[in-house]
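Trainee: One-letter residues, chain by chain:
There are 2 protein chains.
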Amino acid sequence: MPKHPARKNGEALRALLRLPPGERVELAGYDARATPGAPGGRRAGLADTARTGRRLARLQERLWAAGRAGDHRRVLLVLQGMDTSGKGGTVKHVIGRLNPAGCRITAFGVPTEEERRHDFLWRVRRALPEAGEIGVFDRSHYEDVLIARVRHLARPAEIGSRYGLINDFERSLAEDGVTLVKCFLHLSPEEQGRRLLRRLDRPDKRWKFDPADLDGRARWSAHQEAHELALTRCSAPYAPWYLVPADRKWYRDWAIGRLLLEHLRELDPRYPEPGFDVAECRLRLLERM
Amino acid sequence: MPKHPARKNGEALRALLRLPPGERVELAGYDARATPGAPGGRRAGLADTARTGRRLARLQERLWAAGRAGDHRRVLLVLQGMDTSGKGGTVKHVIGRLNPAGCRITAFGVPTEEERRHDFLWRVRRALPEAGEIGVFDRSHYEDVLIARVRHLARPAEIGSRYGLINDFERSLAEDGVTLVKCFLHLSPEEQGRRLLRRLDRPDKRWKFDPADLDGRARWSAHQEAHELALTRCSAPYAPWYLVPADRKWYRDWAIGRLLLEHLRELDPRYPEPGFDVAECRLRLLERM
Numbered sequence: 001m002p003k004h005p006a007r008k009n010g011e012a013l014r015a016l017l018r019l020p021p022g023e024r025v026e027l028a029g030y031d032a033r034a035t036p037g038a039p040g041g042r043r044a045g046l047a048d049t050a051r052t053g054r055r056l057a058r059l060q061e062r063l064w065a066a067g068r069a070g071d072h073r074r075v076l077l078v079l080q081g082m083d084t085s086g087k088g089g090t091v092k093h094v095i096g097r098l099n100p101a102g103c104r105i106t107a108f109g110v111p112t113e114e115e116r117r118h119d120f121l122w123r124v125r126r127a128l129p130e131a132g133e134i135g136v137f138d139r140s141h142y143e144d145v146l147i148a149r150v151r152h153l154a155r156p157a158e159i160g161s162r163y164g165l166i167n168d169f170e171r172s173l174a175e176d177g178v179t180l181v182k183c184f185l186h187l188s189p190e191e192q193g194r195r196l197l198r199r200l201d202r203p204d205k206r207w208k209f210d211p212a213d214l215d216g217r218a219r220w221s222a223h224q225e226a227h228e229l230a231l232t233r234c235s236a237p238y239a240p241w242y243l244v245p246a247d248r249k250w251y252r253d254w255a256i257g258r259l260l261l262e263h264l265r266e267l268d269p270r271y272p273e274p275g276f277d278v279a280e281c282r283l284r285l286l287e288r289m
Numbered sequence: 001m002p003k004h005p006a007r008k009n010g011e012a013l014r015a016l017l018r019l020p021p022g023e024r025v026e027l028a029g030y031d032a033r034a035t036p037g038a039p040g041g042r043r044a045g046l047a048d049t050a051r052t053g054r055r056l057a058r059l060q061e062r063l064w065a066a067g068r069a070g071d072h073r074r075v076l077l078v079l080q081g082m083d084t085s086g087k088g089g090t091v092k093h094v095i096g097r098l099n100p101a102g103c104r105i106t107a108f109g110v111p112t113e114e115e116r117r118h119d120f121l122w123r124v125r126r127a128l129p130e131a132g133e134i135g136v137f138d139r140s141h142y143e144d145v146l147i148a149r150v151r152h153l154a155r156p157a158e159i160g161s162r163y164g165l166i167n168d169f170e171r172s173l174a175e176d177g178v179t180l181v182k183c184f185l186h187l188s189p190e191e192q193g194r195r196l197l198r199r200l201d202r203p204d205k206r207w208k209f210d211p212a213d214l215d216g217r218a219r220w221s222a223h224q225e226a227h228e229l230a231l232t233r234c235s236a237p238y239a240p241w242y243l244v245p246a247d248r249k250w251y252r253d254w255a256i257g258r259l260l261l262e263h264l265r266e267l268d269p270r271y272p273e274p275g276f277d278v279a280e281c282r283l284r285l286l287e288r289m
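Chains A and B supply the protein sequences, listed in that same order.
Residue numbers are given in our numbering: position 121 of the first sequence equals residue 121, and the series is strictly consecutive.
Residue numbers are given in our numbering: position 158 of the second sequence equals residue 158, and the series is strictly consecutive.
By construction, these hints were calculated from the structure, which means they are not laboratory data.
Just so we're clear, the structure is a prediction, and the values are computed from it rather than from any experiment.
Any given hint might turn out to be false.
Same chains, same names: a pair is fine if it fits in one copy or spans any two.
What the hints assert, rightly or not - Here are the computed lysine-lysine pairs in the BS3-like style, where the Cα-Cα straight-line distance is at most 30 Å: (1) Lys-92 x Lys-208; (2) Lys-205 x Lys-92; (3) Lys-92 x Lys-249; (4) Lys-208 x Lys-249; (5) Lys-205 x Lys-249.
Let the sequences and hints guide you as you build the complete structure.
Mentor: Written out as C-alpha cells, the structure reads:
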C-alpha cells in the first residue's frame with residue numbers, strides 16, 4: 001500500500017515527502033514508481049521542472065547577493081541512494097539550472113588516506129557551503145553509517161555512535177544558518193537492474209559502471225536495512241529526510257527542484273540595501289561618462 | 001582601425017582572437033564592439049551559443065569520464081577584464097551550460113589574511129582543476145600584476161619578477177596536462193559607464209556595485225597599460241591570450257563558448273575502455289534481475 005497520501009491543491013511537497021521524525025521507516029511501504037504531488041505525467045513534470053529551475057535561479061541570485069552583504073544563510077542538499085538512483089543525474093538536471101558560481105558540489109567517494117586519518121565528519125566540514133551558496137553532497141557523511149555498516153568497515157559500537165554525532169553535527173549546522181535538504185532517492189531493485197544493464201550495454205555509459213555495484217546489489221536487503229536505520233535515527237525537525245521515489249527520472253528531478261524551491265521561498269532572501277550613497281555615486285559616475 | 005581580420009569560412013576562432021606571442025599589445029587598436037568570426041548578429045549568435053553549449057556538455061562528459069580512468073588532462077579558463085566586463089556573466093551563461101559536477105569555479109577577490117601570508121600563486125594552485133575537470137578563474141593570478149601595479153600593492157621589483165613566475169607556472173601547468181584558455185574581456189569605457197549606471201539604477205543589480213569601481217574607472221589608462229604589459233609578457237604558444245571584444249554580451253558568450261569548444265575538440269577526450277569483463281558482469285547482473 002503506498003504510504004504517500006494524495007497532495008491537496010497547493011500543499012507543500014515537503015509535507016508530502018517528509019519522513020516524520022521519530023517514526024520508524026520501512027522502505028517496503030513506499031512505491032519507487034510513485035509520483036506524489038506531481039502536476040501530471042512526464043510531459044507536465046518536465047515543463048514544471050523547467051519553470052521551477054528559473055524560479056530557483058532567481059532565488060539563488062538573491063541568496064548569493066544577501067550572502068555578500070553579511071547574511072550567512074546557505075542551503076545544503078544532501079543526496080543519498082543506491083547506485084544508479086540518480087544522485088549525479090540530479091546534479092546535472094536540477095543543480096545544472098542554477099548559476100554554477102554559487103554552487104559548491106562535492107561527490108564523496110571511498111575515503112582517501114588523508115581523510116581516513118581524521119574523524120568521519122572532517123571531509124564533510126571542509127565541503128560545506130559558505131554564505132549565500134547552495135551546497136550539494138553527492139553521497140555524504142551518511143556513507144559512514146550505510147556502506148560502513150553493510151561492509152563492516154568499522155566496529156559496531158563506533159558505527160552506533162555515529163548517528164548521534166551526525167545529529168549533533170546537523171543541529172549545529174542548522175543553528176549556524178544552514179538549511180538542510182536531505183533527499184533519499186528511493187529506487188526499486190528492478191529499476192536498478194535495468195539501469196545497470198543500460199550502463200553495460202551503452203559504450204557511452206560503460207564508464208559509470210563499477211563491478212562493485214553488483215556486490216551492492218547482492219546485499220540489497222542489508223543496504224535497505226542500513227538506510228532504514230539512518231532515515232529513522234537521523235531525522236529531526238531541523239533536518240528531516242525526504243523520501244523521493246526515484247524510479248522515474250522526471251519525477252525525481254521535479255520533486256527535488258520543488259523541495260529546493262519551497263525551502264528557498266521560506267528563506268525569502270532579499271537583495272541587500274546598498275551600503276553606500278547611491279545618489280552620490282551616480283553623480284560621480286555621470287561626471288565621467 | 002580594427003585589428004581583427006575577417007574570419008574565413010570554418011577557420012578557427014582561436015586563430016582570430018589570439019594575441020600573437022611576442023608582439024606588443026596595444027589595446028587601443030581593438031574595437032570592443034567588434035564581433036569577429038560571429039555567425040551573424042545577436043539572434044544568430046545566441047542560437048549558435050546554445051548549440052555550442054550542447055556540444056561542450058557532451059565533450060565535457062567525455063573529458064570527465066576519461067579523467068576517472070587515468071587521463072589527467074583538464075582545462076582551465078582564465079577570465080580577466082575590467083569591472084562589468086562580464087566575467088561573472090560568462091560563468092553564468094557559458095559555464096552554466098555544462099554539468100556543474102565537473103566544473104571547479106573560483107572567484108579571486110582581495111587576498112585574505114591567510115592568502116597574504118603565502119606567495120601570490122599559493123591560492124591559485126589550490127584552486128586548480130583536477131583530472132577531467134573544467135576549471136574557471138574569475139580573476140586570477142594576473143591580478144597580482146594588474147591591480148597590484150596600478151595601486152602599488154607591492155614593490156616595483158617584486159611585481160616585475162611576477163611575469164616570469166607566471167610564465168614558469170603556466171608552462172608547468174601545460175606540461176602537466178592543463179589546457180589554458182586565457183580570455184581578456186575587452187570593454188570600452190563608454191560601455192562600462194552604461195553598465196555601472198544600470199547597476200546603480202536597478203535595485204536588483206545594485207548589490208553588484210562597489211564604489212571602488214569608480215576609482216578603477218578613474219585610473220582607466222593605468223589599468224589599460226597594466227593589461228597591455230601582462231598580455232604582452234605572459235603570452236606563450238602553450239598559454240596564449242585571447243582578446244575577446246566584450247561590449248556585446250551575446251558576442252562575448254558566443255566567442256568564449258566557441259574557444260572552449262575548439263580546445264576541447266582538439267583534446268578529443270574519449271570514453272575509456274572498460275577495465276572489467278563486460279560479458280561476465282552482464283551475466284552476473286542478469287542472474288539477479
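Trainee: All the hints need checking, so say for each whether the structure fits it.
Mentor: Do the hints match the structure? See the list:
1. When the C-alpha separation of Lys-92 and Lys-208 is checked against a cutoff of 30 Å, the pair qualifies both within a copy, at 15 Å, and between copies, at 28 Å.
2. In the homo-oligomer, the alpha carbons of Lys-205 and Lys-92 lie at most 30 Å apart both inside one protomer (15 Å) and across protomers (28 Å), since each shortest distance falls under that limit.
3. Both within a single protomer and between protomers do Lys-92 and Lys-249 lie at most 30 Å apart by alpha-carbon distance, with minima of 12 Å and 25 Å respectively.
4. For the homomeric pair Lys-208 and Lys-249, the shortest alpha-carbon distance inside one copy (17 Å) is at most 30 Å, but the shortest distance between copies (37 Å) is not.
5. Proximity of Lys-205 to Lys-249 under the C-alpha cut-off of 30 Å is restricted to the intra-copy arrangement: shortest distance 16 Å within a copy versus 36 Å between copies.
Violated hints: none; the structure is consistent with every hint.
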